[in-house]
Amino acid sequence: MLDQTEGYTTADGRQIGGVVMELRNITLRFGGVEAIKNISFDIRKGEIRAIIGPNGAGKSSMLNVISGFYNPQEGDVIYKGYKRPPMRPYKVARMGIARTFQNIALFEGMSVLDNIMTGRINHMKSGFLSQALWWGAAAREEAEHREKVEKVIDFLEIQHIRKTPVARLPYGLKKRVELARALAAEPQILLLDEPMAGMNVEEKEDMSRFVLDVNDEFGTTIVLIEHDMGVVMDLSDRVVVMDYGKKIGDGTPDEVRNNQAVIDAYLGVAHD
Amino acid sequence: MPLEILQAIEAAINGLSTGIMYALVALGFVLIFKASGIFNFAQGVMALFAALTLVGLQSGQVPFAHIINAIFGTSVHHFGWNVPTILAIPLTILVMVAFAWAVERVVLKHLVNQEPIILFMATIGLAFFLEGLGDIMWGAEVKRLDVGIPQGGNLWFEENTAWLGGGNPDFFGFYIDTLSLVALLIASVLVTGLVIFSQYSKQGRALRAVADDHQAALSVGISLRFIWVLTWSIAGIVALVAGIIWGSKSGVQFSLSLIALKALPVLILGGFTSIPGAIVGGLIIGVGEKLFDFYMQPIIGGATENWFAYMLALVFLLFRPQGLFGEKIIERV
Amino acid sequence: MLYREAGDFKTSYNTDNQTFPIKFDRYAYWLLLAVAFLVVPFFVNDYWAKSILVPFLIYVIAALGLNILIGYCGQLSLGTGAFMAVGAYATFKLTMAFPGLNVFVVFLMAGFITAAVGVLFGLPSLKIKGFYLAVATLAAQFFLIWLFTRQGWFFNYSPTGMITMPERQVLGITVTGPTTHAATIYLTCLIFVVGMAWLARNLTRGSVGRKWMAIRDMDIAAEIIGVNPLIAKLTAFAVSSFFVGVAGALLFGVQLGAAEAGEAFGINKSFLVLFMVIIGGLGSILGSFLGAAFLVVLPVFLKVLLVDSLGWSSDLARHLEIMIIGALIIIVLIAEPHGMAALWRSIKDKLRLWPFPH
Numbered sequence: 001m002l003d004q005t006e007g008y009t010t011a012d013g014r015q016i017g018g019v020v021m022e023l024r025n026i027t028l029r030f031g032g033v034e035a036i037k038n039i040s041f042d043i044r045k046g047e048i049r050a051i052i053g054p055n056g057a058g059k060s061s062m063l064n065v066i067s068g069f070y071n072p073q074e075g076d077v078i079y080k081g082y083k084r085p086p087m088r089p090y091k092v093a094r095m096g097i098a099r100t101f102q103n104i105a106l107f108e109g110m111s112v113l114d115n116i117m118t119g120r121i122n123h124m125k126s127g128f129l130s131q132a133l134w135w136g137a138a139a140r141e142e143a144e145h146r147e148k149v150e151k152v153i154d155f156l157e158i159q160h161i162r163k164t165p166v167a168r169l170p171y172g173l174k175k176r177v178e179l180a181r182a183l184a185a186e187p188q189i190l191l192l193d194e195p196m197a198g199m200n201v202e203e204k205e206d207m208s209r210f211v212l213d214v215n216d217e218f219g220t221t222i223v224l225i226e227h228d229m230g231v232v233m234d235l236s237d238r239v240v241v242m243d244y245g246k247k248i249g250d251g252t253p254d255e256v257r258n259n260q261a262v263i264d265a266y267l268g269v270a271h272d
Numbered sequence: 001m002p003l004e005i006l007q008a009i010e011a012a013i014n015g016l017s018t019g020i021m022y023a024l025v026a027l028g029f030v031l032i033f034k035a036s037g038i039f040n041f042a043q044g045v046m047a048l049f050a051a052l053t054l055v056g057l058q059s060g061q062v063p064f065a066h067i068i069n070a071i072f073g074t075s076v077h078h079f080g081w082n083v084p085t086i087l088a089i090p091l092t093i094l095v096m097v098a099f100a101w102a103v104e105r106v107v108l109k110h111l112v113n114q115e116p117i118i119l120f121m122a123t124i125g126l127a128f129f130l131e132g133l134g135d136i137m138w139g140a141e142v143k144r145l146d147v148g149i150p151q152g153g154n155l156w157f158e159e160n161t162a163w164l165g166g167g168n169p170d171f172f173g174f175y176i177d178t179l180s181l182v183a184l185l186i187a188s189v190l191v192t193g194l195v196i197f198s199q200y201s202k203q204g205r206a207l208r209a210v211a212d213d214h215q216a217a218l219s220v221g222i223s224l225r226f227i228w229v230l231t232w233s234i235a236g237i238v239a240l241v242a243g244i245i246w247g248s249k250s251g252v253q254f255s256l257s258l259i260a261l262k263a264l265p266v267l268i269l270g271g272f273t274s275i276p277g278a279i280v281g282g283l284i285i286g287v288g289e290k291l292f293d294f295y296m297q298p299i300i301g302g303a304t305e306n307w308f309a310y311m312l313a314l315v316f317l318l319f320r321p322q323g324l325f326g327e328k329i330i331e332r333v
Numbered sequence: 001m002l003y004r005e006a007g008d009f010k011t012s013y014n015t016d017n018q019t020f021p022i023k024f025d026r027y028a029y030w031l032l033l034a035v036a037f038l039v040v041p042f043f044v045n046d047y048w049a050k051s052i053l054v055p056f057l058i059y060v061i062a063a064l065g066l067n068i069l070i071g072y073c074g075q076l077s078l079g080t081g082a083f084m085a086v087g088a089y090a091t092f093k094l095t096m097a098f099p100g101l102n103v104f105v106v107f108l109m110a111g112f113i114t115a116a117v118g119v120l121f122g123l124p125s126l127k128i129k130g131f132y133l134a135v136a137t138l139a140a141q142f143f144l145i146w147l148f149t150r151q152g153w154f155f156n157y158s159p160t161g162m163i164t165m166p167e168r169q170v171l172g173i174t175v176t177g178p179t180t181h182a183a184t185i186y187l188t189c190l191i192f193v194v195g196m197a198w199l200a201r202n203l204t205r206g207s208v209g210r211k212w213m214a215i216r217d218m219d220i221a222a223e224i225i226g227v228n229p230l231i232a233k234l235t236a237f238a239v240s241s242f243f244v245g246v247a248g249a250l251l252f253g254v255q256l257g258a259a260e261a262g263e264a265f266g267i268n269k270s271f272l273v274l275f276m277v278i279i280g281g282l283g284s285i286l287g288s289f290l291g292a293a294f295l296v297v298l299p300v301f302l303k304v305l306l307v308d309s310l311g312w313s314s315d316l317a318r319h320l321e322i323m324i325i326g327a328l329i330i331i332v333l334i335a336e337p338h339g340m341a342a343l344w345r346s347i348k349d350k351l352r353l354w355p356f357p358h
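Residue numbers (this note's numbering), protein chains in the order written: chain C, 1 to 272; chain U, 1 to 333; chain Y, 1 to 358.
The hints are simulated quantities; they were obtained by calculation from the structure and are not laboratory data. Note that beta-carbon positions come from the ideal geometry of N, C-alpha and C, so glycine has one too. Treat the hints with care, since some could be wrong.
[Unchecked claim] Straight line, CA to CA, 30 Å or less: simulated DSSO-like cross-link-like pairs of lysine-lysine: (1) K91(C) x K10(Y); (2) K50(Y) x K174(C); (3) K303(Y) x K23(Y); (4) K109(U) x K174(C); (5) K23(Y) x K151(C); (6) K303(Y) x K174(C); (7) K163(C) x K23(Y); (8) K129(Y) x K125(C); (9) K143(U) x K249(U); (10) K174(C) x K10(Y); (11) K125(C) x K350(Y); (12) K125(C) x K83(C); (13) K109(U) x K129(Y).
[Stated by the list, open to error] Every beta carbon over 10 Å from chain Y, so not counted as near; a handful from chain U, in silico: (14) S75; (15) I136; (16) T273; (17) Y295.
Could you build the full structure based on these sequences and the hints that come with them?
This is the structure we're talking about:
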């Protein structure tokens, strides 16, 4: 077994590093209901980690714990070697964690471009006064960040809709814009909550390609929740399986596919 | 008992009377909010409009008299007949139902999927529209409203509380207007009726279904439009009751519509979705205002009722936003 | 044909981002400014200034302020009247205590004081939203008006309870007080409007504005991607209150000359500015201008039409005005929730293609 800091190279030449985040004995309760029961797993730098499981297993809650929206009653989140204290979500975002949402959470009153520009918030430094007077610094910074955003727009091939109000876009494009917004933040860890939900085969292929490209080009660590088993098995390096708030499987896609507990709870008859 | 305590209690009783008035207006809010999630800012103006219509019908006023006269140079104001109260009230109810139907068709139907803040602003527009309409239809002067509710200081109450003074020559027993007692009675009957309706009748259940989830309610065959017309009609009738009681006490005038604003703190205290909460909230605000004024006037001056209710509501919002009886709101991502 | 952007390509992000990307618009804007500053002052008379132009300019500032709070940041406020009062009373106290202080500086300082008060009453927005927040702002509205009418210190214990603006000069010209020329009043307000509109435009086009809009559209998501909701909401309250305070200062200082909080800054004022913002267009700088213009002109128009020409009573005109405004609010919210500004934009869109239909 690899230790915490050792990295390795995958079969197709990607570089996976040491552990960047560790979830240790996480328990999350809502009133009397235990959504997550004593779960531990780790995430390595540069890998694509999937969280799968039947509906209601607590996957989105797990993502919310990672992004700081929920604070677990027990257990720790250890990020880059340090225990992360309970903090407001915006502070977690500043530490380099970005995410997309299961039900699209775009800013419907703004255009695509503006939405993606909000992703740059944590990188924009100009103060209130310089913005108010639109001093040289503010205008310059706006142009700089616009350039970075345009790169993301090129990468995700959404140039043609950059000025369109987000509310007018079809579902598939909205998902892509949400991904763009998360990417614009240049995150260390990217959380994707069911990025392929509601898509047809073609759209799923496009989205999978984008996810792989992000990981390949920028080395971004990706944690994703997904129901499509084909996607999960093809994309991810390692998988965590949850059921009723508990962890019932953890390992490479092959290991998990052949795990009896996982088959009983979720996969059904094992594929050949 | 020492005189000061007696005076405080009298202020409190005074407050109870005002509180019932607030509660009656708040009741209309709760109904509409429960059924549609809309905060109907126009509720207070509906009470004013209902009262104006009642008085107008009773005294045989020609509706839109002023504007007709202005356009045609005529000078008509009254038809010359008086409609007896027993007929005028049902007629007014019909007008309020027609109003409810019109509101649903013209306003609500088109704003179904909008956010609550847009709907709230639409009801502000509705309030202003209705106020202007009421003024043009029936005239804006202060009017006396009399439907035969006994009024004036209640002697029985006064005589029977005199003993609390312990022989103090300055204390004659508590003054309470019989109207307030009647109002309390009417309010209790109304609340009980509405709770029974909401919990046990088929339409009441449909109302609660609509309040929970429009789509789901539609899918089981409930007509959203009918429920809304029904709700606004009932709210209109409640507004009429509030208008009658308030109008009997202080005359029918514009200030009636300002009570809509006071209803907001009442709802925050009682909870936006609780029918009994509206009463409790109203009473607490009514009593609270008077007591606060009683004790604080020597220190900071009078007229504190202008803002006390809102400050109290603010405190509640910060520490217990669902009020005393409302449902807790949890937000999920 | 005239209104053309074909061939007008932007070569830098900054030019892509500018306020008036179409040449025609830009020229029209500069022309308008030139006329406003150089031509109008010579033709303005007391009546036009006092009943239309000056109130319009003052309410533009107030509408800009409220639009920032409601339209851009999504925080509902019904306390605009009281915040205007803060601006007015702060002006009064400051200029009475420091008569030598330049009155323009006094107006700005009054704005800053209002900003501070706004932040204080905006604190509840961190825990409450929507129309619950509206109730909190009502607390501000009623409490502050009570303060200004009942606590003598605010009106220097004057027996009438009113505050009066003394005569003040700037650069030797009288700008406040009963002897001020209409043109001076007009120019004073125009200067403030141009300056503050420029401020508003800058704030709303950058990351400050985006943070506000993110909070407005989905505050939970906004926080998750890194917006600090405390700072965003409180800056919205601060900036908005600054604008509203300056508007109140000007309303008292140059337009009314004397005021009493209950009459001049009551809850009806809050509704008036709210309606300007809704009818003009939420979240739009142009909308603030259009809404203010509409609601300043409407009563004058109705009076001239109904009372002066047709001989109706002014009461009737007033009732009709209320009905029309109420109906308009509903119509705007149903048909074009983004108000007159959106209507304007669709007209311009058609013009861009004219004479082609699409």
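Of all the hints numbered above, which does this structure not satisfy? Sort the numbers upward. 1, 2, 3, 6, 11, 15
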